[in-house]
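A.B. asks: Sequence:
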Amino acid sequence: MLLVLVIAGALWFGGRFMGVPQAARMSLLGLLFVAVLGMQVALPETNPLRQATGGSAALWLILGGFAAVIWAYRRLIVHLRGRVTAQTPDAPPKQGSFSDTELDRYARHIVLREVGGAGQKALKNAKVLVIGAGGLGAPALQYLAAAGVGTIGVVDDDVVENANLQRQVIHPDGNIGMPKVFSAQAQMEAQNPFITVRPYHRRLTDEIAAELVRDYDLVLDGTDNFETRYLVNAACVAAGVPLVSGALSQWEGQLSVFDPAKGAPCYRCIFAQAPAAHLAPSCAEAGVIGPLPGVIGSMMAVEAVKLITGAGTPARGQMLIYDALYGENRTIQLSRRADCATCGQS
1 MLLVLVIAGA
11 LWFGGRFMGV
21 PQAARMSLLG
31 LLFVAVLGMQ
41 VALPETNPLR
51 QATGGSAALW
61 LILGGFAAVI
71 WAYRRLIVHL
81 RGRVTAQTPD
91 APPKQGSFSD
101 TELDRYARHI
111 VLREVGGAGQ
121 KALKNAKVLV
131 IGAGGLGAPA
141 LQYLAAAGVG
151 TIGVVDDDVV
161 ENANLQRQVI
171 HPDGNIGMPK
181 VFSAQAQMEA
191 QNPFITVRPY
201 HRRLTDEIAA
211 ELVRDYDLVL
221 DGTDNFETRY
231 LVNAACVAAG
241 VPLVSGALSQ
251 WEGQLSVFDP
261 AKGAPCYRCI
271 FAQAPAAHLA
281 PSCAEAGVIG
291 PLPGVIGSMM
301 AVEAVKLITG
311 AGTPARGQML
321 IYDALYGENR
331 TIQLSRRADC
341 ATCGQS
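The numbering used here numbers the first residue of the sequence shown as 1 and each following residue consecutively.
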């Protein structure tokens, strides 16, 4: 019997040293077992070869039974581990619950007294719509995704252009020519696989605005034209959804939370009519310093997180103005107008 064990050890460990696959080594051991068992059955009891290999078939049957039990147990463990890995590793868990990876990822939020586990759960269950994937939308989308907002919609009908890359940091050079919503989606999902991104590659119009906004808890408007801003504002007022609005020009940015449902003014309360085109030139016409959208867009994301988690005091009834050229910050108090064409009767 000792001879057989020596041969088995040589086949297993010698084969391993020479790089023979485990399956092939198992097959060789199986053949050796069958050969020894065959000798115990076929040869007479007094045969020297039978005596040298144990002298009894019963001993080898018992040994083979133990080996079969061990093999079956290992296969069962591998199968169970495979099922657990397929269900839980880094795949998003069901709504409202967190995987260990998510708990570690959001740990700095969870230890904040103003956010905590309840706030992070609110972020996970929240649905936020971002209008525009340009200068303001880029940082807002990145930080909303990183913060763990569960569902993020992004609306934009434009494609990535080379001239965008100086400030629209969510879009890499390789995505020039790609629709901005899909470029942003790829970057957000790469940054955080635990969120859902809904891209809408189209212009926001009267036909879809109201229905689209009703499907979300909060809207961020980073567009650069008054027509869309008024449209978004009207849809938010009708749906009772808070609107975080930002704007840029050259070195200055501003933002406010418009929320008539909570007593704050709406966008049209402050800007009853669109200014003349020469008084509000676009970034393409007037220029804009590259990091400024990052500052204002990040502030918009902070306001969104505050609104979702209930932390702090959102900028309702206030307009925050940041002057990057001179490093100044100002806050203007805003009031609701009873005769507002959009929210005056709401």
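You may find that some hints are simply not true.
Dumping the calculated DMTMM-like pairs for lysine to aspartate or glutamate here, alpha-carbon to alpha-carbon at most 20 Å [claimed, not checked]:
no.: 1; residue 1: K306; residue 2: E114
no.: 2; residue 1: K127; residue 2: E189
no.: 3; residue 1: K127; residue 2: E227
no.: 4; residue 1: K121; residue 2: E211
no.: 5; residue 1: K306; residue 2: E211
no.: 6; residue 1: K262; residue 2: D339
no.: 7; residue 1: K306; residue 2: D339
no.: 8; residue 1: K127; residue 2: E252
no.: 9; residue 1: K306; residue 2: D217
no.: 10; residue 1: K127; residue 2: E161
no.: 11; residue 1: K121; residue 2: E102
no.: 12; residue 1: K127; residue 2: E285
no.: 13; residue 1: K262; residue 2: E189
no.: 14; residue 1: K262; residue 2: D217
no.: 15; residue 1: K262; residue 2: E285
It is worth saying that the hints were derived from the structure and are not from the lab.
A.B. asks: Look at each hint and say if it fits the structure.
C.D. replies: Hints versus structure:
| no. | hint | in the structure |
| --- | --- | --- |
| 1 | K306 to E114 | holds, 9 Å |
| 2 | K127 to E189 | holds, 15 Å |
| 3 | K127 to E227 | violated, 24 Å |
| 4 | K121 to E211 | violated, 26 Å |
| 5 | K306 to E211 | violated, 25 Å |
| 6 | K262 to D339 | holds, 17 Å |
| 7 | K306 to D339 | violated, 29 Å |
| 8 | K127 to E252 | violated, 29 Å |
| 9 | K306 to D217 | holds, 13 Å |
| 10 | K127 to E161 | violated, 28 Å |
| 11 | K121 to E102 | holds, 11 Å |
| 12 | K127 to E285 | violated, 34 Å |
| 13 | K262 to E189 | violated, 33 Å |
| 14 | K262 to D217 | holds, 14 Å |
| 15 | K262 to E285 | violated, 36 Å |
Violation of the numbered hints given earlier is confined to hints 3, 4, 5, 7, 8, 10, 12, 13 and 15; the remaining hints are satisfied by the structure.
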